[in-house]
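Peer 1: One-letter residues, chain by chain:
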Amino acid sequence: MMQFSELITKLGSAVAASSLGTDSQLDPILTGLAPIESAGSGMISYIEGDKFAKFVGSTGASALILPMNEVIQAAAIDRGIAWIAASEPRLLFAQVIKVFYQPFRLPVGIHPSAVVEAGVELGENVSIGAHVVIQPGVKIGNGVTIHPNVVIYPDVEIGDRSILHANCTIHERVRIGAGCVIHSGAAIGSEGFGFVPTASGWFKMEQAGYTVLEDGVEIGCNSSVDRPAVGETRIGRDTKLDNLVHVGHGCLIGSNCALAAQVGLAGGVKVGNGVLLAGQVGVANQVTIGDRAIASSKTGIHRNVDPGEVVSGYPAVSHKLWLKTSAIVNRLPEMYQFFKRNQSS
Amino acid sequence: MMQFSELITKLGSAVAASSLGTDSQLDPILTGLAPIESAGSGMISYIEGDKFAKFVGSTGASALILPMNEVIQAAAIDRGIAWIAASEPRLLFAQVIKVFYQPFRLPVGIHPSAVVEAGVELGENVSIGAHVVIQPGVKIGNGVTIHPNVVIYPDVEIGDRSILHANCTIHERVRIGAGCVIHSGAAIGSEGFGFVPTASGWFKMEQAGYTVLEDGVEIGCNSSVDRPAVGETRIGRDTKLDNLVHVGHGCLIGSNCALAAQVGLAGGVKVGNGVLLAGQVGVANQVTIGDRAIASSKTGIHRNVDPGEVVSGYPAVSHKLWLKTSAIVNRLPEMYQFFKRNQSS
Amino acid sequence: MMQFSELITKLGSAVAASSLGTDSQLDPILTGLAPIESAGSGMISYIEGDKFAKFVGSTGASALILPMNEVIQAAAIDRGIAWIAASEPRLLFAQVIKVFYQPFRLPVGIHPSAVVEAGVELGENVSIGAHVVIQPGVKIGNGVTIHPNVVIYPDVEIGDRSILHANCTIHERVRIGAGCVIHSGAAIGSEGFGFVPTASGWFKMEQAGYTVLEDGVEIGCNSSVDRPAVGETRIGRDTKLDNLVHVGHGCLIGSNCALAAQVGLAGGVKVGNGVLLAGQVGVANQVTIGDRAIASSKTGIHRNVDPGEVVSGYPAVSHKLWLKTSAIVNRLPEMYQFFKRNQSS
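Protein chains in written order, with the numbering used here: chain A, 992 to 1336; chain B, 992 to 1336; chain C, 992 to 1336.
Okay, chain A solo, but in the shape it has when bound:
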């Protein structure tokens, strides 16, 4: 609970960094955060873009973060709502959330039920939860948090301040950078799917390579990042993966990418920097995707994608072409009737 003015003070440099206008007349007491549609008295919320602008007329929020739009600001003033305006309201609201809420962190220390084998190097101020298991030859940095029931195989390094959520598994030959987050149930460095067909059945190819997550990488719940036979699977700095994503063995993903839920990359896929793959996108073996390319949800990518290209469809084509052909496909019944009437010609 805090006054609006106190919040503004706490935001400090975040406020200074945006170009802001503020209504200093009102100073309500704020008790929490809410979405604009359902915010009640004492709540602070935000409006981003025109789609939600109408809610300024109906919200019960006591304070709002608004875009640099004087019409919306005037409406807030009319309704007696305290406000602050920012060029990026969602970004400022993310900073407001941090003032009100920090996610649960384990206390520093090693729970007595954790099994930390001999030959594990632990940094300062680590938090190791109940029933964690850390095999020999693991190196844990400073300030690392490992939630309960995590299992870490041998020959793993985890950088400073990284967080491993409950029930995830880190396999051998994994290097996790600083400030990474591995969410519940994820499997990092698991064996790549490598079977050579022979006359007498599949011959298993052992996966002797390494899996590297650079600094600031997040891996979503129940996602898997496989270890390759040789060389590396690598995910670049600050790249974020959502839940249930599969990254096959030997994939090399650049920095600052975002892969949404249920994306799947087959083996040896190369992804540039700043790439966005929406939900359920699939990428075939050995495909290369250029920097800043975007694939919309459910796209099936069987060929290389150029830097900056926006693709959709199965198989993937340019997003613009896909929009056109998707619309025309629905005219096929008429077109087919026409074809049938005229095909003899």
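Since the list can't tell identical chains apart, any single copy or any two copies may satisfy a pair.
Once the Cα atoms are required to be at most 20 Å apart in a straight line, the calculated SDA-like pairs of lysine to any residue come out as:
1. 1311 with 1322
2. 1195 with 1090
3. 1045 with 1029
4. 1045 with 1259
5. 1311 with 1294
6. 1089 with 1170
7. 1311 with 1293
8. 1311 with 1321
9. 1315 with 1325
10. 1315 with 1327
11. 1331 with 1319
12. 1331 with 1321
13. 1195 with 1169
14. 1195 with 1246
15. 1042 with 1059
16. 1130 with 1154
17. 1261 with 1281
No lab work stands behind these hints, which were simulated from the structure alone.
Starting from the structure of chain A, add chains B and C where the hints point.
Peer 2: Relative to the frame of chain A, chains B and C by itself:
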């Protein structure tokens, strides 16, 4: 092992609730349950619909639950198979299964290896398995079963008689109703995928909202239901999710829905009551799906769906149109030849 | 670290089984394995097929496994790289990996923190990791390895030499053969998604059947194989499943198949022997797929597939037809213009 007549007695009101005919002449001893195709002597099975009716002539089952169809019943009589008929044979067979089989339940009590932190409220007759970890500020109802290696973060409530299977994770700010089932490996209340793009990279939006599962909800193995930044992610009463389903932050799902395996909902999706989404369906951000709508498997939904609408395809269109266009797409080679011959006209 | 000649000796019968040529002039000391693109001094790598042949001119590898191609071999000789040639270079390289690397195996014995309930039968030389939980009525074969935090429900059998990776869950009524591998987070024998619609909501069908994995089966990370209401879910000998695969209740999968990541099979699907399903393929209820059929990635299969058939597309058609129609779909804008100009005719 029981006699057919004894089974009928045990079914009691279930039998009375259906409009039934029974053949009381035969009273075999039943030893188990089997599918109609492979049922042997001593087995009870069922037939639902015409597709399986032919098996009445070949099954080795000693007893059958049959539809209200005198031809099938006569065939059973001819072959000396005991039978009972019901208007919904599959429903009655589900009740028969319950007579023969109950899934494993942990004994009541707290396993000594479980870690239940101070400040956890436990109801009566709870079963807490080995190596379970329950953080402070958790409230567990009466008759709840928590299988081994489950982890529960702080600030969670779990309603009466709910069952949490092994290795699942319940994150902070989750409210689970009564009679829910969370299957193995599922992650409930995990952090929504919230990153705001900035000039210096992704800015992480903390997820300060709540995740609510109403009474009777089931969540399949390794599924994930994300916690939103503000407000709620909510799954309505008696809605069932299969395995490997992703529910993004802020989704609001109604009651009595069924979401099949590998369905993915992006953020802020609104789903009505009684909606059926078949396997691998994907739904884009902020889409609204009306009551009793149906999407067939692999449908990619990028736009709102009306109540009662049946959709298919990627992108989704009406199921009828999709059937038509999917058939005509296969005539495109001929149509294209025609087009090439005539395009100058 | 070993000399090239020593490696050849160690490969022994593997070398003899291939028809090989060897360059015996060079005998470098080998320190590790690497992909051809990035191999440096001391590394052994391999070349398979023309796509990678160009790298023989630039690789820093000290030794190579080459195809039976004298041009490539001559290039290696020119560059002073030791080599051995094989008709199947990738297979021989898989055998080379085994000489250099074996994955981590737990020591034999039962970790004191493991909970092995009364009435569990253990074979010889089993390895049971920390915090494993094994319920009553489980039978574990010889040489089985169970990594930390695995949970096994009652009434399970696990064959000799099988490996269960960390955090996986084996539910009741499961039979796992010899030499199987269950990867991290997988759920085997979990409850099938069985709900009968009634006027008062879903009626849960208990899943009283069995789940059988024959010898040599592998199940990838966070995959799920469901237990049926009656009868069996069965995966045949040496069939391999990648990560995040869903196998519905009552599926019967043959031997020597490979199902890539994120494949989903609905209930009662029948898959023959030697079938290949690429990533994100979906198969609808009760579909039958014949022996040696192949589905390319993202195929949506709603109808039976003949033995040996190669299918693609959503809905699935022959791969050849799909290639044709996928190309022509992109000409639809022109075709539609033509149609609009001429439709009155």
